[in-house]
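Fit chain A to the given chain P structure using the hints.
Here is what each chain is made of, one letter per residue.
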Amino acid sequence: MAVELRDDSDNGSDFSRPGSPSPSSPTPSLSNTTSNRGQGIVDHTTFDQLLDMDLDDDDEFSRTLVHNYFEQAQRAFGDMDAAMSASDLLALSRLGHFLKGSSAQLGLLKVKASCEKLQYYGQRMDATGQHSSISNEEAEKQIRVLLIQMRREYDEAESYLRDFYGEQEQQQ
Amino acid sequence: MLCSLIRKMCTTSTTSLLQDTSSLQKTTSTYFNKAINNMTASPILSTISPPSSPAMSIESDFEDHDETTTTQPRKIKVMIIDDNSVNLTILSRLLNKHFADTIQLTSVQNSGLAALDQLTKDEVDLILMDIDMPVLSGVETTTAIRNNDSHSEHSILEQNLNVPIIAVTTSDAEEQRELYRQVGMADCVSKPIAIPKLRMAIEEAMKTVSTNG
Chain P
1 MAVELRDDSD
11 NGSDFSRPGS
21 PSPSSPTPSL
31 SNTTSNRGQG
41 IVDHTTFDQL
51 LDMDLDDDDE
61 FSRTLVHNYF
71 EQAQRAFGDM
81 DAAMSASDLL
91 ALSRLGHFLK
101 GSSAQLGLLK
111 VKASCEKLQY
121 YGQRMDATGQ
131 HSSISNEEAE
141 KQIRVLLIQM
151 RREYDEAESY
161 LRDFYGEQEQ
171 QQ
Chain A
1 MLCSLIRKMC
11 TTSTTSLLQD
21 TSSLQKTTST
31 YFNKAINNMT
41 ASPILSTISP
51 PSSPAMSIES
61 DFEDHDETTT
71 TQPRKIKVMI
81 IDDNSVNLTI
91 LSRLLNKHFA
101 DTIQLTSVQN
111 SGLAALDQLT
121 KDEVDLILMD
131 IDMPVLSGVE
141 TTTAIRNNDS
151 HSEHSILEQN
161 LNVPIIAVTT
171 SDAEEQRELY
181 RQVGMADCVS
191 KPIAIPKLRM
201 AIEEAMKTVS
211 TNG
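Chains as they are written, first to last, in the UniProt record's numbering: chain P, 1 to 172; chain A, 1 to 213.
Next up, chain P with everything else stripped away, as it sits in the complex (with noise of 0.2 Å):
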């Protein structure tokens, strides 16, 4: 069963190609500013290969998909601060992993950073992820401080995505 896959849009951030669906930003000028500042926020290598799954002219796809981030991000958010009430330090760092991954899907490099350093901490590992055991207290407290940053570079994505998408900025 030899199978070579062929595509003809292996890159998704080459939108110069023939026949290729335009990006989906809402204005060039929007585009060209958020991209600026989405530097160090979204790695827009990772970003634009979901606006490229969106359709011409539709960014239906892209901005559902942002939302249903938006929302398992504050469930989640949610769920670690029950569990830091707990100093469930295991549910802490399944907490971690599993935003991780969305996170990295969106390419928002600090919160999915974060979010591995909340993995590694609620394993009493280190930031870096070091099979050095840190005690309980001391996981507890990094991860407290941890969560108020995550949660700040969460704010900035958040912020970054929906003015990317033209919308007005949620009150939390």
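Watch out, some of these pointers could steer you wrong.
Computed footprint of chain A on chain P, listed as stretches where at least three residues anywhere in the stretch have a Cβ under 8 Å from a Cβ of chain A [what the hints assert, rightly or not]:
| # | stretch |
| --- | --- |
| 1 | 97 to 104 |
| 2 | 149 to 158 |
Beyond 10 Å from chain A on every Cβ pair, some chain P residues (computed) [as the list claims (entries may be wrong)]:
| # | residue |
| --- | --- |
| 3 | G40 |
| 4 | G78 |
| 5 | R124 |
| 6 | S135 |
| 7 | R144 |
Cβ-Cβ distance ranges computed for the label pairs, FRET-style [what the hints assert, rightly or not]:
| # | chain 1 | residue 1 | chain 2 | residue 2 | range |
| --- | --- | --- | --- | --- | --- |
| 8 | A | R74 | P | R144 | 50 to 58 Å |
| 9 | P | T45 | A | T120 | 35 to 43 Å |
| 10 | A | M200 | P | I148 | 34 to 42 Å |
| 11 | P | G78 | A | L161 | 34 to 42 Å |
| 12 | P | T128 | A | S85 | 24 to 32 Å |
| 13 | P | Q168 | A | N162 | 34 to 42 Å |
| 14 | P | K141 | A | T120 | 45 to 53 Å |
| 15 | A | D149 | P | A86 | 31 to 39 Å |
| 16 | P | S132 | A | E178 | 17 to 25 Å |
Simulated from the structure, these hints should not be mistaken for lab results. Note that beta-carbon positions come from the ideal geometry of N, C-alpha and C, so glycine has one too.
Just chain A now, with coordinates in the frame of chain P:
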């Protein structure tokens, strides 16, 4: 019939015969999502020419088929498994957009248990599986498949026991990749998914199936 005639005309030739499946794609478009329906209606995609390589389709060796049958090359039937709905949505869309010619997304599961249950009922050719999932991880699910342990009273279909499984995960350190290999996974693709890397992993995994008959 036409293939039979061509074969008779070229008795000393080993030329592979390719069929234009664009009409077939139109009739099967109802199984695809809205995006694919719209895409196949586009002027560009409605004139898809036959595959450039005989290896593109699963069954490309027409000499093995009865002369009275006109076997259409079939697509790779794929199951994807991830407990994160955002990841499932992205992977589904990615497969439908970038691999529509050769892949048929037949099953989307949000847990290892649900996947095992489905594998007792339907045959798949390839599984793309997340690793870190609650209850049954990707490693545990793979082990269960290889050991025919469906966690239920039904057996996994025999055809699924050795199905190629590709891990799709952020847990992609070398020691983790080694673990995936040990439990019987074919490859590991990191998230965020890079389409060329996914393509290469799928090609390599399907070559393994071809080699093993």
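*So which hints don't hold here, by number, going up?*
Structure breaks hints 2, 13.
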